[in-house]
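**Q** Single-letter residue listing:
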Amino acid sequence: MKKAMINQAECVACGVCEKNCPRKAITIFHGIYAQVNENLCIGCRKCERVCPASVIQVVQKEVAS
Amino acid sequence: MKKWYEYLWIFSAVYMISGFFNILFAWIGMICFITPLLLSIIGKGKIYCNRYCGRGQLFELLGGRLKLSSNRNIPAFIRSKWFRYGFLAFFMTMFAIMIFSTYLVYNGTNNLKEVVTLLWTIKLPWNWTNTSAVSPWVAQFAFGFYSVMLTSTILGLITMFFFKPRSWCVYCPMGTMTQGISMLKYRGKVK
Numbered sequence: 000m001k002k003a004m005i006n007q008a009e010c011v012a013c014g015v016c017e018k019n020c021p022r023k024a025i026t027i028f029h030g031i032y033a034q035v036n037e038n039l040c041i042g043c044r045k046c047e048r049v050c051p052a053s054v055i056q057v058v059q060k061e062v063a064s
Numbered sequence: 000m001k002k003w004y005e006y007l008w009i010f011s012a013v014y015m016i017s018g019f020f021n022i023l024f025a026w027i028g029m030i031c032f033i034t035p036l037l038l039s040i041i042g043k044g045k046i047y048c049n050r051y052c053g054r055g056q057l058f059e060l061l062g063g064r065l066k067l068s069s070n071r072n073i074p075a076f077i078r079s080k081w082f083r084y085g086f087l088a089f090f091m092t093m094f095a096i097m098i099f100s101t102y103l104v105y106n107g108t109n110n111l112k113e114v115v116t117l118l119w120t121i122k123l124p125w126n127w128t129n130t131s132a133v134s135p136w137v138a139q140f141a142f143g144f145y146s147v148m149l150t151s152t153i154l155g156l157i158t159m160f161f162f163k164p165r166s167w168c169v170y171c172p173m174g175t176m177t178q179g180i181s182m183l184k185y186r187g188k189v190k
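As given, the protein sequences belong to chains L and R, one line each in that order. Everything in the first sequence is counted per numbering that gives the first Met the number 0, starting at 0 for the first residue and increasing by one. Everything in the second sequence is counted per numbering that gives the first Met the number 0, starting at 0 for the first residue and increasing by one.
Derived by calculation from the structure, the hints in this document are not laboratory data. Virtual Cβ for every residue (Gly too), placed ideally from N, Cα, C. Be aware that one or more of the hints could be misleading.
[Claimed, not checked] Listed next, the in silico EDC-like pairs over lysine to aspartate or glutamate satisfying Cα-Cα at most 16 angstroms (straight line):
{"#": "1", "chain 1": "L", "residue 1": "Lys60", "chain 2": "L", "residue 2": "Glu37"}
{"#": "2", "chain 1": "L", "residue 1": "Lys18", "chain 2": "R", "residue 2": "Glu5"}
{"#": "3", "chain 1": "R", "residue 1": "Lys80", "chain 2": "L", "residue 2": "Glu9"}
[Unchecked claim] Computed list of chain R residues with no C-beta within reach of chain L, every gap over 12 angstroms:
{"#": "4", "residue": "Ala12"}
{"#": "5", "residue": "Leu38"}
{"#": "6", "residue": "Ser39"}
{"#": "7", "residue": "Ile46"}
{"#": "8", "residue": "Tyr47"}
{"#": "9", "residue": "Asn49"}
{"#": "10", "residue": "Leu65"}
{"#": "11", "residue": "Ile77"}
{"#": "12", "residue": "Met93"}
{"#": "13", "residue": "Phe99"}
{"#": "14", "residue": "Thr120"}
{"#": "15", "residue": "Pro135"}
{"#": "16", "residue": "Thr150"}
{"#": "17", "residue": "Ile180"}
[Claimed, not checked] Derived contacts from chain R toward chain L, CB cut-off under 10 angstroms, selection only:
{"#": "18", "residue": "Gly44"}
{"#": "19", "residue": "Phe58"}
{"#": "20", "residue": "Arg64"}
{"#": "21", "residue": "Tyr105"}
{"#": "22", "residue": "Gly174"}
Work out the full structure: start from the sequences and follow the hints.
**A** Structure below.
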């Protein structure tokens, strides 16, 4: 499964990813960084494309079934 | 259904234009300084950036919908802590100098200078507004504050053009401050 991964140390918490996520899988944690709900993320790369700081990468993730 | 706050870009656009007609409208821009700080102080995080920032919406519209952005990745150093806090420090220094020159006019040491300073260096004569209805210091602050707003809009437009539409948000001093306040407020909760 592909999932969005956020470099939270360099995230500016601007909220562009949250706004653009079609699955509402991203939230901004107390104005500090964005976080992804991996149960909702479908790896569509929209957040990766819009992130002004380029701190999001969609990567292959092993999902425990 | 679009929410009311998704139209705040209109406010930002009208604000920037209004300064060309009457510099005193610059004072309204204080809303964009005080609101984000208050919201983060009361624990709302960066909700101003996330929802209500008209300037961010304007960049999204110009760079995204109107395709005026080249959508390239921003250089990594711009999102680094030293650059963001460095830019904030520089910005605050310039702001303090602006406040001081307002004080000098209030004090009577200096006369009102009807100029808008672009990028902290280029002085544009801006003398078509009759500001005699207000005290000179009120007008001086308006010129200084509008200089800050116009300069940052231009910087934002330049980075919007070269990088992603909302590149300004990466180094926006207000954004750095509200994130800093949120970090202090919620330091125990961060993973």
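**Q** Taking the hints in turn, state whether each one holds.
**A** Hint check:
The straight-line distance between the Cα atoms of Lys60 of chain L and Glu37 of chain L is roughly 10 angstroms, inside the 16 angstroms bound, and the hint therefore holds. Our distance criterion of 16 angstroms between C-alpha atoms is met by Lys18 of chain L and Glu5 of chain R, whose separation comes to about 11 angstroms. Between the alpha carbons of Lys80 of chain R and Glu9 of chain L the distance comes to roughly 8 angstroms, so the proposed pair stays at or under 16 angstroms and holds. Non-interface status of Ala12 of chain R relative to chain L is upheld: no Cβ of that chain comes within 12 angstroms, the nearest being about 19 angstroms off.
A beta-carbon of chain L is positioned within 12 angstroms of the beta-carbon of Leu38 of chain R; the least distance is around 9 angstroms. Taking the minimum C-beta to C-beta distance to chain L, about 6 angstroms, the non-interface status of Ser39 of chain R is violated against the 12 angstroms cut. Annotated as non-interface, Ile46 of chain R brings its C-beta within 12 angstroms of a C-beta of chain L; the closest such distance is 7 angstroms. With a minimum CB-CB distance of about 9 angstroms to chain L, Tyr47 of chain R fails to clear the 12 angstroms threshold, and the non-interface call is violated.
The Cβ of Asn49 of chain R does not lie farther than 12 angstroms from every Cβ of chain L; its closest approach is about 3 angstroms, which violates its non-interface assignment. At the 12 angstroms boundary, the C-beta of Leu65 of chain R stays outside the reach of chain L, the nearest C-beta of that chain being 15 angstroms off. Some Cβ of chain L comes within 12 angstroms of the Cβ of Ile77 of chain R; the nearest lies about 8 angstroms off, and the non-interface call is violated. Non-interface status of Met93 of chain R relative to chain L is upheld: no Cβ of that chain comes within 12 angstroms, the nearest being about 21 angstroms off.
Consistency note on Phe99 of chain R: stated as away from chain L, and its beta-carbon is indeed over 12 angstroms from all of that chain's, at 30 angstroms minimum. Against chain L, the non-interface label of Thr120 of chain R holds: every CB pair exceeds 12 angstroms, the least being about 26 angstroms. No Cβ of chain L comes within 12 angstroms of the Cβ of Pro135 of chain R; the nearest lies about 38 angstroms off, and the non-interface call holds. At roughly 19 angstroms from the closest C-beta of chain L, the C-beta of Thr150 of chain R stays outside 12 angstroms, upholding its exclusion from the interface.
Against chain L, the non-interface label of Ile180 of chain R is violated: not every CB pair exceeds 12 angstroms, the least being about 8 angstroms. A cut of 10 angstroms between beta carbons decides the hint on Gly44 of chain R: the least distance to chain L is about 2 angstroms, and the hint holds. Interface restraint check for Phe58 of chain R: the shortest CB-CB distance to chain L comes to about 9 angstroms, inside 10 angstroms, so the restraint holds. Because the beta carbon of Arg64 of chain R sits about 12 angstroms from the nearest beta carbon in chain L, more than 10 angstroms, this interface hint is broken.
Among the interface hints, the one on Tyr105 of chain R is violated; its C-beta lies about 35 angstroms from the nearest C-beta in chain L, farther than the 10 angstroms criterion. About 6 angstroms separates the beta-carbon of Gly174 of chain R from the nearest beta-carbon of chain L, less than 10 angstroms, and the hint is met.
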